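Oh and the sequence shown: position 325 is 325 in the UniProt record's numbering, straight run, nothing missing.
I should point out that these hints are in silico values taken from the structure, not numbers from a laboratory. Don't take every hint at face value.
Unchecked claim - No farther apart than 20 angstroms at their CA atoms in a straight line, the calculated lysine-lysine pairs in the PhoX-like style are these:
{"#": "1", "residue 1": "K40", "residue 2": "K71"}
{"#": "2", "residue 1": "K273", "residue 2": "K368"}
{"#": "3", "residue 1": "K87", "residue 2": "K139"}
{"#": "4", "residue 1": "K311", "residue 2": "K273"}
{"#": "5", "residue 1": "K87", "residue 2": "K40"}
{"#": "6", "residue 1": "K259", "residue 2": "K360"}
{"#": "7", "residue 1": "K191", "residue 2": "K273"}
{"#": "8", "residue 1": "K241", "residue 2": "K191"}
{"#": "9", "residue 1": "K244", "residue 2": "K278"}
{"#": "10", "residue 1": "K67", "residue 2": "K356"}
{"#": "11", "residue 1": "K259", "residue 2": "K324"}
{"#": "12", "residue 1": "K278", "residue 2": "K311"}
{"#": "13", "residue 1": "K191", "residue 2": "K259"}
{"#": "14", "residue 1": "K356", "residue 2": "K368"}
{"#": "15", "residue 1": "K187", "residue 2": "K273"}
{"#": "16", "residue 1": "K311", "residue 2": "K50"}
{"#": "17", "residue 1": "K278", "residue 2": "K191"}
{"#": "18", "residue 1": "K356", "residue 2": "K40"}
{"#": "19", "residue 1": "K273", "residue 2": "K324"}
{"#": "20", "residue 1": "K241", "residue 2": "K259"}
{"#": "21", "residue 1": "K97", "residue 2": "K50"}
{"#": "22", "residue 1": "K206", "residue 2": "K259"}
{"#": "23", "residue 1": "K381", "residue 2": "K273"}
{"#": "24", "residue 1": "K67", "residue 2": "K40"}
{"#": "25", "residue 1": "K360", "residue 2": "K324"}
{"#": "26", "residue 1": "K139", "residue 2": "K206"}
{"#": "27", "residue 1": "K40", "residue 2": "K324"}
{"#": "28", "residue 1": "K187", "residue 2": "K244"}
{"#": "29", "residue 1": "K67", "residue 2": "K324"}
Values in this document were obtained by computation on a predicted structure and should not be read as measured data.
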Amino acid sequence: MPFAGAQSFPNVPGVVIDHLPKSSGNYLGSPSIVILPDGKYVASHDIFGKGPTPQHTHVFGSSDRGKSWQKIAELDSLWWATLFVNKGDLYLFGTTKEYGRMSIRRSTDGGRNWSSVDEGYLSTEQGFHCASVPVQVFKGRVWKGMERNVPVTSWGNFQSFVASAPVDADLLDPKSWSFTQRLTYHKAEWKPGNAWLEGNIVMNPKGETWNILRVNNLEDDQAVMYRVSDDGRTADSTTVKFIKLPGACKKFNIRFDPKTELYYTFTNYALPKHRVYKRERARNSQVMLSSPDLENWTIRGIVLYNPDVEKHGFQYVDWQFDGKDIVIASRTAFEDGMGGADNQHNSNFLTFHRVKNFRKYRTPDEWKSLLEGVSDFVVLK
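Please model the entire structure based on the sequences and the hints provided.
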């Protein structure tokens, strides 16, 4: 059963949407959140681990702007999925299982009832990978970054590509979708890093479509990007370039704020005092960043933090603009009075957070010292 609010776990930051003790052998992953046209919130997560119900997605609703949550649906054969709204309908776009088929599901009643898995296969092949990265709508198309892991016998053999479809098309029909060719990460030539994954499809200030991806490496602050044709059919390998983005060796979501004309994201930037730890597993902070051009990033402030790196984490966050605020769904590892999280990666909570007045947000006084010594990026005071 889901927990209706933070009072169930008063020491956990934010509002608890769902919880699993580590004794279950299962963990909560792939957080996603969306705001429906009627103002209600919907959030989701999947289950991973070795317990009895992996590869399911659980869906929750809130009618009080995130103060309390109720479980409204559970979908089998759905993993790594992103919530999004198109033409008034709610969708989840992911895979059928770990490295399964591409799959999309639709709800016409705000997330309580969903189309079947058989109605939304977008591939006959297996081996696909993604995360709860944004599904974007621009240029008359729906866009999502995807990968295929070839072979699936080991992690990191990700071929990056982009899926897109016309906004007016039947998104459950595989014939509606176009896919770029799949690009391979050149491990020997592109250093540092040995894999790219979890791509964000964005439109830059020039109106060009780009895919910006996490780079798995030891340096923490490298992302990679390449251009995509406007018709969604071609990924231009000649445009591949690396950029500095704080915390980009872990998953991040990028969205554009039209009011300030800035791109925003949240990352697990490894703070200076924690850089002695393995940076890919330093997930104990969430830092808000912004950029005018997708290539030069500024640290706006620390939003979530715990000093323990081993057992605490706020990771894989999905988020949405909500007027002057930003609302966040986080895969959270935190003390629960039941033995705590298995580790920072194997999270035991799905939590909700609100960044109030985000355009003016700055790091709280008690955390300002954590940013001392940052020299590679501008830090707003």
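Hints and how they fare:
no., hint, verdict
1, K40 with K71, "holds, 14 angstroms"
2, K273 with K368, "holds, 12 angstroms"
3, K87 with K139, "holds, 15 angstroms"
4, K311 with K273, "holds, 17 angstroms"
5, K87 with K40, "holds, 16 angstroms"
6, K259 with K360, "holds, 13 angstroms"
7, K191 with K273, "violated, 25 angstroms"
8, K241 with K191, "holds, 11 angstroms"
9, K244 with K278, "holds, 19 angstroms"
10, K67 with K356, "holds, 14 angstroms"
11, K259 with K324, "holds, 10 angstroms"
12, K278 with K311, "holds, 14 angstroms"
13, K191 with K259, "violated, 36 angstroms"
14, K356 with K368, "holds, 18 angstroms"
15, K187 with K273, "violated, 29 angstroms"
16, K311 with K50, "holds, 19 angstroms"
17, K278 with K191, "holds, 18 angstroms"
18, K356 with K40, "holds, 18 angstroms"
19, K273 with K324, "violated, 32 angstroms"
20, K241 with K259, "violated, 28 angstroms"
21, K97 with K50, "holds, 14 angstroms"
22, K206 with K259, "holds, 17 angstroms"
23, K381 with K273, "holds, 19 angstroms"
24, K67 with K40, "holds, 11 angstroms"
25, K360 with K324, "holds, 9 angstroms"
26, K139 with K206, "holds, 13 angstroms"
27, K40 with K324, "holds, 17 angstroms"
28, K187 with K244, "holds, 18 angstroms"
29, K67 with K324, "holds, 17 angstroms"
In this structure, the hints that do not hold are numbers 7, 13, 15, 19, 20, in rising order.
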